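Q: So the chains spell out like this:
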Amino acid sequence: MKVYSFPRGGISFEDPTAPSAAESRTAFLPGLSVIPLMQYSGVRAAPVVSVGDFVKEGMLVGRGRGPGQANVHATVPGRVVKTVSWKTSGGYTNEALVIRLEGAFEKLGKKEKPFSWRNMSPADIRRSIGEYGLVEMEGAGRPLEDIFAAFQPGSGPLTMVIRCVFDDPWLAADRVLCRERLKEVVEGGAIAARAAKASRLLFAVSRQEAALGEAFLLEARNWALPASVVLTGSRYPQRNRRELELVLRNYEKKEGLSLGDFFILGPASLTAVYDAVKFQKPVLDRYVAVGGSAVKNPQVLKVRIGSRIGDVFEECGGFIGKPEKIAIGSPLLGWSLADLYEPVVKTSFAVFALRENGGKPDGQPGGKPGREHRCIGCGECRTVCPVGLDPEDLYKRIGGAGNRKGPSTLRRVAECHGCGCCELICPSMLPLSSVISNAAREKH
Amino acid sequence: MREKDAPLGQKPQINLARSTPGRMWLISACAFLVIIQSSLGDSFSSLGIALVTVLSATLTEALLCYHSRKSIPLKDGSAVASALILAILLPNHIPPLYAAAGAAFAMGIIKFSFGGLGSNWLNPAAGAWLFVRFSWPEAFRMALGNSPLILSPDNPALAFSYSTGTGSSAVDGLVRSILNGSIFSLTRAELPGGYIDLFISSAGGIIADRGLGLLLLGTVIISATQVNRAWAPALYLGVYGALVRIFGALPFGGELGEGDILFGIFSGGTLAAAFLLSGDPATGAKSTTGFLLTIAAAAFTGFIFRYFGAEPYGVILAVLLLNTLVPLIRDIESGFFYEKQRSP
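Note that the protein sequences, when read in sequence, are chains A and B.
Under this note's numbering, read the first sequence as residues 1 to 444, first letter to last.
Under this note's numbering, read the second sequence as residues 1001 to 1344, first letter to last.
Think of the hints as simulated: they come from the structure by calculation, not from any bench.
Remember, it's a predicted structure, so these values are computed and weren't measured experimentally.
Among the hints, erroneous ones may be present.
As the list claims (entries may be wrong) - Below, in silico cross-link-like pairs of lysine-lysine (DSBU-like), each with a Cα-Cα straight-line distance of 30 Å or less:
{"id": "1", "chain 1": "A", "residue 1": "Lys2", "chain 2": "A", "residue 2": "Lys113"}
{"id": "2", "chain 1": "A", "residue 1": "Lys396", "chain 2": "B", "residue 2": "Lys1070"}
{"id": "3", "chain 1": "A", "residue 1": "Lys396", "chain 2": "A", "residue 2": "Lys110"}
{"id": "4", "chain 1": "B", "residue 1": "Lys1075", "chain 2": "A", "residue 2": "Lys396"}
{"id": "5", "chain 1": "A", "residue 1": "Lys183", "chain 2": "A", "residue 2": "Lys107"}
{"id": "6", "chain 1": "A", "residue 1": "Lys281", "chain 2": "A", "residue 2": "Lys322"}
{"id": "7", "chain 1": "A", "residue 1": "Lys110", "chain 2": "A", "residue 2": "Lys322"}
{"id": "8", "chain 1": "B", "residue 1": "Lys1075", "chain 2": "A", "residue 2": "Lys322"}
{"id": "9", "chain 1": "A", "residue 1": "Lys111", "chain 2": "A", "residue 2": "Lys183"}
Claimed, not checked - Derived coverage of chain B by chain A (criterion: at least 3 residues anywhere in the stretch with Cβ under 8 Å from a Cβ of chain A; other residues may be distant):
{"id": "10", "stretch": "1013–1019"}
{"id": "11", "stretch": "1276–1288"}
To be verified - Restraint-style ranges between C-beta atoms, simulated for each label pair:
{"id": "12", "chain 1": "B", "residue 1": "Ser1152", "chain 2": "A", "residue 2": "Lys253", "range": "54 to 62 Å"}
{"id": "13", "chain 1": "A", "residue 1": "Gly388", "chain 2": "B", "residue 2": "His1067", "range": "40 to 48 Å"}
{"id": "14", "chain 1": "B", "residue 1": "Ser1071", "chain 2": "A", "residue 2": "Gly91", "range": "37 to 45 Å"}
{"id": "15", "chain 1": "A", "residue 1": "Gly388", "chain 2": "B", "residue 2": "Ile1072", "range": "20 to 28 Å"}
Ideal placement from N, C-alpha and C gives every residue a C-beta, glycine not left out.
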């Protein structure tokens, strides 16, 4: 079977400190849950409960009030004991409800009656998705309701793309999820396809997971939608929208298909859709890859949203020595934690802790960015840029003394999608991607 | 639908590259190996040249930084790397004062006046070599002496295939017989005499040619650790070797296809030019295509200068010539490859 890859740039990344994708373990329920009222790049939801109130498992505790906001739900039953706020590494202040575990679970361990969604209209499904506060379960964590609303396909066909592209070993949680909840991923895809009015399912699967693609196809026969698999390369950032679309267009051309527009979602988002629409359940937990050179037993855990990151590391045996860096997301693209009390949120597909110097020699995966040096013009940033930009030149124009932010510079800056490849391989440790991405945001 | 994939505050948390100082010190270590090999056969004259260039380069850099109130970047290793590369491009018997002047020129004029590390489009070591070569041509010629490593009308036999064997050493004979009896006999080939001597030469010449054995080891280390793009020197040597094979004997009265590839590659500073100078990405083109073309052009020009010109180290001159075109090449590349709007 032909493997489709994006044409230029990218990085092949292996990391022995990432957890194995072979299996998962369910973490202990947290005694105290920290439920943030804001998704990562969104706007804070309005709390609908107060300190002292008792909340049930899955109960609405924060209501989104429009675009960029998602409803927030309690993930454990208990009492709201206080509200807390903290400054995130992204520079904004977040607020959360702290819930002390009390009372009985109404969903956990109970056999639930599935709801038949086949008779639901696309609008009803989208409403349900909005009501349960579903967001993209990685990256910016945009509310799915917003994505559906903003998506305006052309008059042609529409394809629902199930993105199982594992270009990063830190996507171990998604890999485990695909195996353990394969049926739910496919049915979630079918539900999302109905909500988006897509006429076809397309499973974009990494080449090393070809067997998974076959299993998806087998399962997809249960749904009255044509389905196919496209095998993709595993070079980072293959899963990014731009690189994935390049591959899908190439596949469309080679196979003589007419795929039309693409509606792309990952497996974690699709199981959330499944749970919300079929079992009227908000996102209560998620698979999280926990690892890094400072963690004793890296593994994939099924963790309640709101569990504190410190507790999650404890579940994995704690730290080997003092960690130098603790962050959420992948080492390739993540954000540092202010402290270990920050909670697991819907987008936390991985958390990791690195020892001093990453516990590795300089230049090995797990190493940490060190002191910046002068650019030596080696051009490696140009070699790995998947967009074909000149990060060195853009960085010097934006960040240099000349501050040459002309229209042509800003236009090219806007093309950067922030994959971070240039910054990852810069021998002078320059914050190329960060500076360029920030300039792009300023432009917007 | 267009989106920004990265949420606010999200950025790479690790760095996968070998750091700039790491690269510089690795190159320095490889160059130092060459100097050590050369020193063993010249009563440590090569080592003296290396020490003088390093001292001169670091002192010049320190003084200039102190004068302009900049922090002294000695730890980045670039001054030492440039000094050692310059040292291996110089004859082992060049007067140390000239070597010191060359190193000061590399740091003060080529590197510092262009704005420091990464801003110079001329390779500092190659530029300093040019400065020494043409400021004191007689001293340079005298230092080389009547080197058997130099391809010249006085030494026409070296241009021809299988003709370096005249007067080969006992070590050459021993190693050659072992190789011919084992590896080469499998393909019914035979290594003629003299080539092993190239790797253990104690004759006069530039230090890079005298320390060829360890230079070869250094090039392997540099390529294996991805300090340079391994395909760049491979392309250089491929183009250069093909030209030598096809046309290399013509200037010396030979026929097409009689040129001696091995001698062409293992002398005249060719390996140093291929691995340390032409493959230096800091003074090369921006794009892969541009880099590829300039490498091929450097190999071609180097061959012309060395075989059809009067300069036995024409390969270094050729690199410098291409370096001078770098600003123009980069400008063209910017417009051609990097200024265009892309889709989707």
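Q: Tell me, which hint numbers fail for this structure?
A: 1, 3, 6, 7, 14, 15
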